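Chemist: Read off the chains here:
Protein chains: 2
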Amino acid sequence: LQLFVSMSADGSRFDPLVVVELTSDTKEEAISWLLSRIRDTQQNGGAELQVEQLEQLGPGVSAQEKENPNLFLVGATRQRLLSGAEDLGLFKEFHDGSMRGFTCANKHNFKDFQGDGDSFLSMAECQYIIKHELDTLRARDETHVPGHQQVKLYPGKSIIRRLLSKGILIQVFPLHQKEELKRLSFSWYQKVKLSFQPLDDIRHYYGEGQALYFGFLEYFTFALVPMALIGVPYYLFDWEDYDKYVLLAAFNLVWCTVILELWKRCSASLAYRWGTLSRKKAFEEPRPGFHGVLGFNPVTGREEPLYPNTKRQLRVYLVSLPFVLLCLYLSLYIMMIYFLMEGWVLSVHDEEPTFWTGILCFIPSVIYAVVIEVMNLIYRYAAEFLTEWGEYAASSCQHRLFSPQFNFFNCFASLFYIAFVMHDMVMLRQSLATLLITSQILNQFMEAFLPFWLQRRRNKKMIRKVQIRKTLEDKELPLADQVRLEADMSTYLGTFDDYLELFLLFGYVSLFSCVYPLAAVLVVLNNITEVYSDAFKMCRVFKRPFSDPAANIGVWQLAFEAMSVIAVVTNCSLIGMSPQVKAYFPESDMQLILWTVAVEHGLLAFKFILTFLIPDVPKHIQINLSRLEFESLEALKKKVKPGRFNQSRSTLTVNRANSSSNE
Amino acid sequence: LQLFVSMSADGSRFDPLVVVELTSDTKEEAISWLLSRIRDTQQNGGAELQVEQLEQLGPGVSAQEKENPNLFLVGATRQRLLSGAEDLGLFKEFHDGSMRGFTCANKHNFKDFQGDGDSFLSMAECQYIIKHELDTLRARDETHVPGHQQVKLYPGKSIIRRLLSKGILIQVFPLHQKEELKRLSFSWYQKVKLSFQPLDDIRHYYGEGQALYFGFLEYFTFALVPMALIGVPYYLFDWEDYDKYVLLAAFNLVWCTVILELWKRCSASLAYRWGTLSRKKAFEEPRPGFHGVLGFNPVTGREEPLYPNTKRQLRVYLVSLPFVLLCLYLSLYIMMIYFLMEGWVLSVHDEEPTFWTGILCFIPSVIYAVVIEVMNLIYRYAAEFLTEWGEYAASSCQHRLFSPQFNFFNCFASLFYIAFVMHDMVMLRQSLATLLITSQILNQFMEAFLPFWLQRRRNKKMIRKVQIRKTLEDKELPLADQVRLEADMSTYLGTFDDYLELFLLFGYVSLFSCVYPLAAVLVVLNNITEVYSDAFKMCRVFKRPFSDPAANIGVWQLAFEAMSVIAVVTNCSLIGMSPQVKAYFPESDMQLILWTVAVEHGLLAFKFILTFLIPDVPKHIQINLSRLEFESLEALKKKVKPGRFNQSRSTLTVNRANSSSNE
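Top to bottom, those sequences are chains A and B. Using the UniProt record's numbering, read the first sequence as starting at 1 and increasing by one per residue. Using the UniProt record's numbering, read the second sequence as starting at 1 and increasing by one per residue.
Some hints could be false.
Okay, the calculated beta carbon distance ranges per label pair [stated by the list, open to error]:
1) ILE623/B with GLY602/A: 35 to 43 angstroms
2) PHE606/B with PHE362/A: 38 to 46 angstroms
3) PRO618/A with ILE623/B: 25 to 33 angstroms
These are calculated hints, taken from the structure and not from any lab test. Predicted model only: the values in this text are computed from it and were never measured. From the three backbone atoms N, C-alpha and C, an ideal C-beta is built for every residue, glycine too.
Between the sequences and the hints, there should be enough to build the whole structure, so can you do that?
Modeler: In structure tokens:
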């Protein structure tokens, strides 16, 4: 944390944590107004943070005339950060080992609070606090940004958000810590070793959301190993015997259920340890971006913008649904083109089979796989755009409501068509393998190497300069260069795409596991490299992301479970359709189907009971959570005074909202 | 509450609330020891309640030499009841309209607390508090009950429970309030009217568990009315058209899901209003009956007997499972006998069909229905016995784990056999109708009229005496007669049987709704009389039960939902098997089955999505619950002092457990 300690204008200690970049043509009045609002005390509706212009902290080696001077560094005093942690309701380990909401009054009872609490909050937490304070910096009586008549404001509107949407503010991002990052990346991916990922360190540096993703990636990889091991002999010995496929499929289906249930426990353990399980999302402030009338949050009593719920839902359905339907239609259309190409290539191959036409047979699948990836990308950006336009209140994944469904359809529609309409198992296997392998290669390339290469090219000049300087005098990069280097890095858009990739891989493994047992092997291999490429991309390619205090993998748990239910249906149908199984019921198809349906229902019931029997949260954590709840209720009982609720509501909101509520 | 106010031995005011009856041959030492333990202060490990012998409160008109003198009345001071309510964590309406855990220190902030809080707690709550205090009256250093060497005790053992199990204590029951009961029964079932049941009054008099049952009964009845209305024309016009049956079945399946989901919301509203939704079952003391080593509850920090969890589960599986399997075997065996009888009767009827053989055809079904009811009863008592023997810790319905399953199998096995093995729709309809009607008649008879008649006969003499006395001088019955009259009434065994009956009725309606649409009509009619007979039996036949602060209908919600899932499968199969539907697919059975399966999967998916989309708790209650949680956490933050957890644990347990923990 003390890496870039410098003195601010008024002489107090200043640790830069977050960078705010404004366009170079921002008016002077706007800048000084923004800085004064950031520096102003909370009583006056300010954020009470420290902010300094980058230039004034000493020029970098690469300083040039044409560079943007409007880079500002934001920091805060230790006391301000601690009170911010209290406002955010961060949970920390208490002296008795339980997790408790942090309060300044009680700070010395927290386990890691030593001395004046210098290392109590991790840098990621400090940056999250500053981001939250900046986001909730709201307009008071300003009708527009000084110097920019066209940028309107109204009481309660988030200033940062309005500046961002109008393009005056380019970006807000947290600074890396070179030393920490070096340590982390060494233990994470540079050391060749057979150990688990340093999840606690990842959490410490990137926050809980990232750490949970990497935890899930690791868990998922290990969980697939048994499926991969069982799948290998099927491929090696070319077992086409459906007796064995039935066993494989049955094992896979039960296994999928078990691993998803156990992950919930795993995730609860991690989130409890990190303090996010007890912290309630519902008590958070809403997404600051959003405009609406100010009102009181019915739960916390805090003043914040409210959005009429029905209006929001109407927007979701009126805009998202037609959009998704259009995308689905496009996706179907492209699938049909693929089948036409496939048919044409096969006819060419059948006419005159040579080595080259054999290769040609794979071309349509590969092209189709690429097109699918491109469509996924387009859909993703379109959905992002729609979200911005819709400006939903909650910061949850609501705006990506239809994304997994669309991607599922996009990736698997052709496979379903081949399996259940064309009944062509050979083509299914071939198509599955091509899609899986192509998408894996594409993904690895798109995710890590392409951004890295782009960034290298962009920063080539600066890096060279820096290298010279580095070898010349000091091993440390000056702050100004460091900041400018990071400002040019790509922005990490969150774990959504990473989860989506795993979700689709899970689909390839589970949906048709009895047709292509090797899928699990391929996915395990992919995941092992994925750990490294994801780690590399987090450490080297992207700007540091703000941490996200997630308590679980959210909607993805549901998505994976839905996938495992669909997998039961597809696998049972595939096995029921196989000629070997049909041979058992030579006299009647009806018997065969009835048996298939009965087995399928049995498996579904078994899955359901299993889900019910395995508790979602380990016993000892359940006890700790209940104890917290019990003690809270006891504390409330003890504490209550007449008129207490209204009183606490007003003290909570007086700081940041008193000016805007009188309007 | 002031009905039987009298003066106790030491001259203070005494409201009798609960009756404790010991056998007439109990030793004097045992009685005086028990009374002193009940009267002793909480610091000394007593219950700090008032207790008086019935005889000393004035003789009744029917006083005779041979009557049991060991009837004791238990009461408590108002202050003691309020502190008991705090110990139990009762939730009451706060002055701001939210529900809060009651505390004595803060009592004047509760809405209904007026003056010295005379009518703050309902009599049912007072009786529940006294029962709880009596149940948690634990042995200290006694090794046996004084005067009864054979009745062993050990530190921490519930005294009342040991006395009950050894037969020294005959019963503990709460007293009725004549005036209240008269008012309640008038508004409940004596007035002929078309209005809802007085649920709040029922809750006030009998507690939340009873009120929720009657609320569910009423809701269920109203919810079935649409199904009944749609079913009537099918019966009247003899529509055998399966097109229409498909519509009926589809409506029924969706309707079942919707009503079960909406009930959750209804139940949450009721339970929130009554303060049981916020009160956590987990924070309750365990079932007092249970013997085990004393330890600390990991959640509340209170000292209480702990039971090793694995041992308990082992018991459940090692004992209950073979028992259930045996019962299932018996049930199957009896079903086979029924089919033999049915076959024999049919052959008689076919040989020489007369009016009498036509009647004879119904006899096996009726006999079978009676046998099913008898088997349900036997199973029920056997399960009860096993529970006593097993002595599980929690007071929840765990011990009745397999009961709904067994009853389901017992009632519906024959119908499944007829439908899916014999494929005989005419017999299915006839069998269903006979079973449904017979069981309804039997239940109404067994539930209300038989106990009433038995009790009338038993109390004839006393009632006659009382009638004379009543006409002679005063309209009020003396306390002693009142108590003896109630002591002889039958004991109400809880809502389990009532729910079970509704569960089976729901099965008759939903499982085969497309075969016998009139079932819903019969069930609606049955339920209307059921409301009256249940109300009558609660008010006139049984002893007043102790109230049970339930927050929902518990495991029955799950049972009803499972039934509605099974109903989707059965109805789809029945319709798929019907000749009319088969006629649509003349060329291939396979097409038919595939369509049936597809429709069934669609319906299941639709049910699942519906369950997911309809929130379980209404929005405004969700907000209130979140607010309570938020404010509790805030209170905990504010309050925490060093070493606080250990401190609060010790103050909580010092009262009742300090004596036994030192052993």
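Chemist: Note whether the CB distance of ILE623/B and GLY602/A lies within 35 to 43 angstroms or breaks it.
Modeler: About 42 angstroms separates the Cβ atoms of ILE623/B and GLY602/A, which means 35 to 43 angstroms holds.
Chemist: Looking only at beta-carbon atoms, does the pair PHE606/B, PHE362/A fall within the given range of 38 to 46 angstroms?
Modeler: Holds, since PHE606/B and PHE362/A (Cβ atoms, about 40 angstroms apart) stay within the stated range.
Chemist: Within 25 to 33 angstroms: is that where the Cβ-Cβ distance between PRO618/A and ILE623/B falls?
Modeler: With Cβ atoms ~30 angstroms apart, the hint holds.
Hint check: no violations occur; every hint is consistent with the structure.
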